[in-house]
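Using the sequences plus the hints, can you model the full thing?
Heads up: the protein sequence lines correspond to chains A and B, in order. The numbering used here numbers the first residue of the first sequence as 45 and each following residue consecutively. The numbering used here numbers the first residue of the second sequence as 219 and each following residue consecutively.
Cβ-to-Cβ under 8 Å is the rule here; a few derived chain A residues that face chain B:
(1) Gly71
(2) Val72
(3) Ile74
(4) Ser75
(5) Tyr96
(6) Gly193
(7) Thr195
(8) Gln197
(9) Pro203
(10) Ser218
(11) Tyr221
(12) Gly229
(13) Ile236
In silico DSSO-like cross-links for lysine-lysine, where the CA-CA straight-line distance does not exceed 30 Å:
(14) B:Lys221 x A:Lys250
(15) B:Lys266 x A:Lys144
(16) B:Lys222 x A:Lys241
(17) A:Lys207 x B:Lys370
(18) A:Lys78 x B:Lys370
(19) A:Lys108 x B:Lys266
(20) B:Lys222 x A:Lys248
(21) B:Lys221 x A:Lys243
(22) A:Lys144 x A:Lys125
(23) B:Lys266 x A:Lys94
Don't read these hints as lab results, they were simulated from the structure. Every value quoted in this text rests on a predicted model; they were computed, and no experiment measured them. Using N, Cα and C, we set each Cβ at its ideal position, and we do this for glycine too.
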Amino acid sequence: MIGDKKTRGMFVFIIALMLVLPMVSAGVGISWDKESTLVPEGTKTCLTYKVYNPWPTESYVQIKLSDGLTSLLVSAEAETKLIPAETSSEEAMPITFCFKTPTVYEKDCALFGSLLCKQDCLEEMINFPGEVEVIELSEEEAQRGGSGGSTTQMSVSAPLNIKVQCVAHKRNYSLVYLVIALIAGILLLVNILNRRKLKEKGSKKKIKKRR
Amino acid sequence: MVKKLNLLNLLLVFILCICIILIFLENGFFIQGFAVEGDVYSNVTISKYLSIEFSPELSNGIVFGNVTFLPVISINASENYGGSSDSSNYYIQVSSDGNTAVDFCINANVALTNQYLDVLGLDNETYSCSNESNLSLPSLSGETPLTLGFVKCGESIAPSSNNYYRFWLDIPAAQPSGDYNNTLSFKGLSSGVSC
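Dropping the structure here:
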């Protein structure tokens, strides 16, 4: 009898759980403290955003850059990250992604298009506007296919404007000086060797004359 | 002969020295400035954070049910009036653990499509949103067709508030039968930022 009650209780509990579970949804939050970043051209930079979930169900999230920024992306940490339920903004978990700014400003090169270059930086600063998006991945999504209707997906985003900084520099002639110094050094070496040879010849002649 | 060589060597040594000095000068090895200043830094970090959650019904997807008679105009999604006082059960909550108001953007990944790749045009799936919900809000008169690009619907939703949605579907008479599906994306962003 007691066993029956227990079994009945368990059955009711399982049914209740099955009814309640599909009605629970997970949430996602994002925390950020910069909306633009200044990066010199051709350098790799990493940014960290924080994700949190103050809601009662744990959630899986993925970080993504908007289309305008994906071309710069070098690496993104953790394809999918689990955020435990009740994670407040103070306990937000960091997600890092790295990008490399392209070489966008034209250089004035005197030799072979890539040597003896100078950069005046007269052009306007180039911006890559976009956003960082944190997408909540629902486990139910895959199961819902074929039910007829629209499945739903949720994300939160923060704006990110990547400003590529032009680094001005004069034409650097070091290479030319180095080449001239090398030639001078080689000629000096040759001359010193020739001088030794001449000295040796001179001393041999003197010995012969003495004999 | 030896004297000539001596002169040439002297010249070469001179050139070599000049070149080395120039290399150092070019790369600024000799220039060192020592400035002594008293700096006082001023710093402020502005942080923003926001969090959102679907209502359970919105999380479970938008279902229009079985349609047996065609054509139909503006059939309701199953939870359009499922809440208390005929309010909508499709809503997104903005968490109180946030310090910025939230704007919402919505889009569809594709038009409703069945397993045989028949398409129900995107113009046929419409929505309306409001920051409150009752029998008349969000209103059918304010319906907008879904688009592939994100469009704003719901602006400056304060923390601890909700943004409500209703969805409707038109199906023309010639529409082939089948289970039609797509995915709607909802994006929450800091108020004032474009989609």
